[in-house]
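Visitor: Each chain, written out:
Number of protein chains: 2
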Amino acid sequence: MAENPTASPVSNNLSPDVPRGADETVDSLLNGDGVRLERIVSRGQASPAGFWCDQEEAEWVMVLSGRARLTVEGETSDRELGPGDSLFLPAHCRHRVAWTAPDQATI
Amino acid sequence: MAENPTASPVSNNLSPDVPRGADETVDSLLNGDGVRLERIVSRGQASPAGFWCDQEEAEWVMVLSGRARLTVEGETSDRELGPGDSLFLPAHCRHRVAWTAPDQATI
Chain A
4 MAENPTASPV SNNLSPDVPR GADETVDSLL NGDGVRLERI VSRGQASPAG FWCDQEEAEW
64 VMVLSGRARL TVEGETSDRE LGPGDSLFLP AHCRHRVAWT APDQATI
Chain B
4 MAENPTASPV SNNLSPDVPR GADETVDSLL NGDGVRLERI VSRGQASPAG FWCDQEEAEW
64 VMVLSGRARL TVEGETSDRE LGPGDSLFLP AHCRHRVAWT APDQATI
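Those sequence lines, one after another, are chains A and B. Using the numbering used here, the first residue of the first sequence is number 4, and each one after it goes up by one. Using the numbering used here, the first residue of the second sequence is number 4, and each one after it goes up by one.
By construction, these hints were calculated from the structure, which means they are not laboratory data. Heads up, a few of these hints could be off.
What the hints assert, rightly or not - To be clear about the criterion: a stretch of chain B counts as covered by chain A if any three or more of its residues have a C-beta under 8 Å from a C-beta of chain A, and this derived list gives those stretches:
{"#": "1", "stretch": "12-18"}
{"#": "2", "stretch": "24-35"}
{"#": "3", "stretch": "45-56"}
{"#": "4", "stretch": "86-94"}
Predicted model, so just to flag it, every value in this text is computed and none were measured. A virtual CB, placed ideally from N, CA and C, is assigned to each residue, including glycine.
Based on the provided sequences and hints, a complete structural model is requested.
Guide: Next comes the structure, spelled out in structure tokens:
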């Protein structure tokens, strides 16, 4: 991450203040030199049919609460992620969100 | 993170297979270009008295389970972190682990 000796420590809780309502929300938590940290809260959202996410950057994702299923292109079954489960997606590893739990917030 | 189009997606769960025993363990989960991801499991460990952690790199820490108290140099009270709490420590922000819960794993 970027060296930034003048900045102060910043604390945060990723679970409370989960936005209410049905929309998916993405909050930027940190923007460093070569790394970006986001909190995504989904409530049943999934990628549009036929859509694949193909990113320049590698991504590491972890589920804090809720449940999600991700499809990785070329794999025969989805990867289901619950609390504590993480997945590293190399750059240009095409993937899509197949499902997120409709009855709770998936963080 | 490093672009690495040949690598495969890697999944992981940060909570199960928590090492038993009293020692603190540090596992490297990811080593990218400019970013490093580690899982630290503490069971009551704290920084040695008088020791301050002073790092070249910025650090972002999140507690998944358990409980920890961190002291940031110059602050009058400790920062207590529970599940979902995170703290961004800029490079060279001197800090120490004042306490971790002795009766459970703090991940």
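Visitor: Run the structure past the numbered hints and jot down the numbers of the failing ones, going up.
Guide: 3
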